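Protein chains: 2
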Amino acid sequence: MAQEKAQATIKRWHKMVASKDLEALHEIIHPDAMFRSPVAHTPYQGRDALALALSTVINVFEDFTYHREFFTDDGKNATLEFSAHVGGKQLKGVDLIKFNDDGLIVEFEVMIRPASGLMALGEEMGKRVGAKLSEFK
Amino acid sequence: MAQEKAQATIKRWHKMVASKDLEALHEIIHPDAMFRSPVAHTPYQGRDALALALSTVINVFEDFTYHREFFTDDGKNATLEFSAHVGGKQLKGVDLIKFNDDGLIVEFEVMIRPASGLMALGEEMGKRVGAKLSEFK
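Residue numbers (the working numbering), protein chains in the order written: chain A, 681 to 817; chain B, 681 to 817.
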């Protein structure tokens, strides 16, 4: 049940990314959700922080494509593998997402490789929302 | 079937990590396995490269602990989440592992966050095996 709800949320997320329409993003994120950035050590607190990060990053990524999907046995945690370009640098990444029983996102952690791709993303995100995001630490 | 073999390989891998005895590591890696480092863009080719990277990194990581395990539906791809310290820097990471039907590792990709942890790891790995590893590119 929890698994189906998590899957439904992922389906909605994929649709939002494909259409670049993130207006309903807050509907799939828990108010107390935590965002763990690939760059910064300290997590960002709350739905607004996560929504800001996600809605910015999908405009920073070029050729953004999802690949494999992995789940924990209980279906309440997913890993979404992706590839993209930022400023001419190729990168791979994962979204590690934790869902609650209602299928809402309660934690969203991103990891990026290689170092050149991570640096390019960090630089571009810093320019666009660095100051704003740091208010959520 | 393929799934059970992959699971058996992961079990052996966890035992090797726990005991820091990687003598049998080559038995679970396909000769043509590919290693995608968290730092470098270009992958490293072959079992020897992956074995060298893995046997080095488990001595670089302090407080190395595995957390969640995620699988694709066919059970032939796993994500292992971990945390560790390197040179006083805390880091999180994932191993994205692809198995063949016999449960052998054919691809091993690592991603690390945050940037400070990735840099600390890259520096330490570079010192220990940078030159040796680059022969496998």
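It should be emphasised that the hints constitute simulated quantities derived from the structure, not laboratory data.
Predicted, not measured: the structure shown is a model, and the values here were computed from it.
Take the hints with a grain of salt, since some may be wrong.
For chains that are exact copies, the list does not tell them apart, and a pair is met inside one copy or across any two.
Claimed, not checked - Each computed BS3-like pair below joins lysine-lysine, with the alpha-carbon atoms no more than 30 Å apart:
| # | residue 1 | residue 2 |
| --- | --- | --- |
| 1 | Lys756 | Lys807 |
| 2 | Lys685 | Lys772 |
| 3 | Lys769 | Lys685 |
| 4 | Lys695 | Lys772 |
At most 30 Å between C-alpha atoms: does lysine 695 with lysine 772 qualify within a copy, between copies, both, or neither? both (20 Å within a copy, 29 Å between copies)
- Message: Within, between, both or neither: how does the pair lysine 769, lysine 685 come out at a Cα-Cα threshold of 30 Å?
- Response: neither (35 Å within a copy, 36 Å between copies)
**Q.** Intra- versus inter-copy proximity for lysine 807 and lysine 756 (alpha-carbon distance at most 30 Å)
**A.** neither (34 Å within a copy, 39 Å between copies)
- Task: Measure nothing new, just compare the shortest in-copy and cross-copy C-alpha distances for lysine 685 and lysine 772 to 30 Å and report within, between, both or neither.
- Result: Classified as both: same-chain Cα gap 27 Å, cross-chain 27 Å, threshold 30 Å.
The earlier numbered hints that this structure contradicts are 1 and 3.
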